[in-house]
Amino acid sequence: MKLATDLTVSGLTIRTPAGVLLVEDASFEAAHGELVLLIGPSGSGKTSIINALCGLIGERDSAWQVAGLIQFGDRQIDLAKTRSDLCGLVFQGNALFDDLSAGENLRIAADHSPQSRAGYDPTPVLSLLSDIHPDKTVAACSGGQKQRIAIARTLVADHPVLVLDEPNSGLDIKSSRRLASLIKKICTERSMPVIIAAHHVDDLLPLADKVLLVDSTTRSIIRVTPDMLAIEAELMRLDVGTGGRPATSANADRWRKHIRRGSSAKWFGRYFAEYFWVLCASPYMLAYVGLGGIILGFVSIWFGFNYHAFGGYLKSILHDETLAGIGFVQTTIAVPLVASILVVARNSAVISADLGNRQLSSQFRAMGNLNIPGLGYLVASIIAANTLSLLLLTVAALATASWSAFQTWYFFFPDQPFEFWQENYFRRLIESGPSLLIEIGWAACKIVLSSILGSAAAIIIGLRPKTSVVSINNAIAEAIVIGVSMALLAHAFFAILQFWR
Amino acid sequence: MQVRWISESELLARATSGLISGILILGFAVAGWSIVPHAAATDYSRIYQDELPGLVALPDEVPVFVMRRDRSVIRHGSATSAPGDRLRVDIFRSVADEAPDATEALLFQPTLEVLWLVANEESQAELRRLLGALQEEGAGAIEAVIMSDIFNHTYRPMLRSLLSDAVSRAWEDEQTQDAFADLLRTSDTAMRQVLRGEIEAILTSRVKEALWATVQANWTNVIGVPFGYELDYAPVVSAVTAVLQDPLVHQKFVTFGRERLTTDEARRLAERLAIGLIDSLLRETRLPKVASEIMWDPRLRNILHPFSESAMNLVSALPRNLGGLGKDSSLNPLAAHIFKALVLGRHTPLVMFVTPQDRTRMEQLSPDAMRFLISGDGAKTT
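Chains L and W, in that order, are what the protein sequence lines are.
So for the first sequence, this note's numbering puts the first residue at 1; every next one is plus one.
So for the second sequence, this note's numbering puts the first residue at 502; every next one is plus one.
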């Protein structure tokens, strides 16, 4: 007879935001102290199922459609209405907080666990951590140690059901077997249901009480015999049903275009377009620089005409020269400088984060292995896109700053003609005649040098070896500080040359 | 349900991002286009010419103003020289319909007198009152300063240097030279050479000597010139006449004819020289510095105290009444232009459109302050 406190999942239906139905009306059970393996081909929905059990599905995309009922003890959760908080998840890749030590990873979980955990017996957890010093950094731990810390952290959080997503991924056979026996021990000692989603089940199978297969053809969860041959037969059946489709399908035609060898020149354009969008044309970037220009235009006029001992004179008899001075300084010095600071700061962060992540996830090594000149594509694209971005965004900032300056001026002098503002605001530039091109040239020099120096700093910092997310974060901060400092120096250098006459 | 390779939300996010970026870029373009100067709109241009032949030579561009019913003045456009001694006035599009009854175009030199003509009756009355007080209360004090040893030892040499320069400029002034040319026109070629050479040198040198008397006679009225006060040119006229009586000059004029020194041309030359001298002093940028030193000289403080107070009252009233300054400071573009011209020593004239009634009023106040422009083709050009 089934225990009243067993985990029962019934009517589980999951549809992805793209409209793919993963499982439909699926059901399964897991008893106390039972170790359940959840297997299935790649893309069959194993991770989505455990995310649904742990209340993590649809966190970032509300377009997921989930239905079903979870029953555990006297608790019943309707997944269509409520997110489940029954299961503690050990994430694939561990998801350890690498800015904290091993001990702190557990302490932070303990400090945020339920009050009912006061009488909790830590012995099973301690057995997981026997060879790890609490002060050891996460980066210094081996793969097996990280996995055990992650399991211990989840146990400390004291959920009634333990779920593990690919716990043996990346572990050697010895570590994998040791981990499996530890999980089984926890499962038995704590008498809790444990569900493991896994691809490689050889080491886990001997300890499993039940094996559940996600059938991607019927979109159901079926129970299979915990026997390697039976499992392999089922997986082969599913593989034939999905991956083994005839190559004449439309999808195969699509893939052929990707596999055929073509010109490699387009990849620079591909990366350039990607970076140009992120560094220049994305709405946040445009709004950010536009807003910067608007604020600068407002501030220069508002404080230029106010808060001065001769404020009244500036607004009346000294108006023309005051406005001409503000206009000249704003268009030739202030806007290019502020635009450079804003763009270089933001883009240095983006570049260093992007390259840092590529470095951390070994993308450059992969590119090297595939004979892709990754550094060339990326570095050239970044420098070109960033420089073009800064030039275009400075023009955009000039437009919004001047517009805002006029609006502020018009607030002060509502009965004066627009052309009068225009005549004085741009007077110094118009009067400069052909030397206007020289002024534009100076501004361009400042912008280009700022961009090149800022990009170079961010690239160098981003490409340095990364050991963790924390090292990427530090690189971002470093790139912002150095990039902005470079931009300031570039502007100061050319401003001195510009006005050295 | 149809399976999509990109989720609906992802597609929506991309489309939204693209749309927002497009809107922002369009916004930047519109903002930039709306504020960047474009070529002047020709449908708002008019052609004018001087009522009298020979339009004053204009710099590249002169400002055009319009005076509204309440006598406030705003910028109305810009003017440039056009072929055939004519003037092309480009009206600002945004204020083309401002003050439609201001049909009279007047050309002014950038002097305080223009602000005086534009000022309302209350402002003019206040300035007249303060000028009267200045003359009354300060006369004794100034007299005492001028007679003091401190002034004669310290400041008189400095002022003499300024005056010498002012005389040179007055002599080189176009109108003085015109008067001199009129005088020469009646003489023969040999005499012209004498007059242009030696007589000019003697005249310049001797007039400088006589200038101090001129300043002493005029010091109070100088400040009031822009507000309708007349200068007493008699000392300079007398000085120039005395120069002409000089034995050296006499000798040179033997063949010229003494009677010519008492002609209208000679008298006009003397007057122009005097007027040019005063104008030159008004534009002398070093003069305020010397005046400031005198005013703040602790040795002269007691003597100058009554004058200082009156002068300060006047100085503080000038910007308020003529420059639009005061509790609610507002932009007076006309005052701004004139102030800049005075400070920078520029002579950029200005064009102002006024109503026929205002033109009559200004003519009565100062008939010589303006030149009248008439429509060159009688209609707007297109």
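Since the hints were made in silico from the structure, they are not lab data.
Any given hint might turn out to be false.
[Stated by the list, open to error] Coverage of chain L stretches by chain W, computed from C-beta distances (three or more under 8 angstroms per stretch; other residues unrestricted):
id	region
1	226-238
2	275-284
3	398-410
Using N, Cα and C, we set each Cβ at its ideal position, and we do this for glycine too.
> Checked against the structure, which of the hints given earlier come out wrong?
Replying inline: 1
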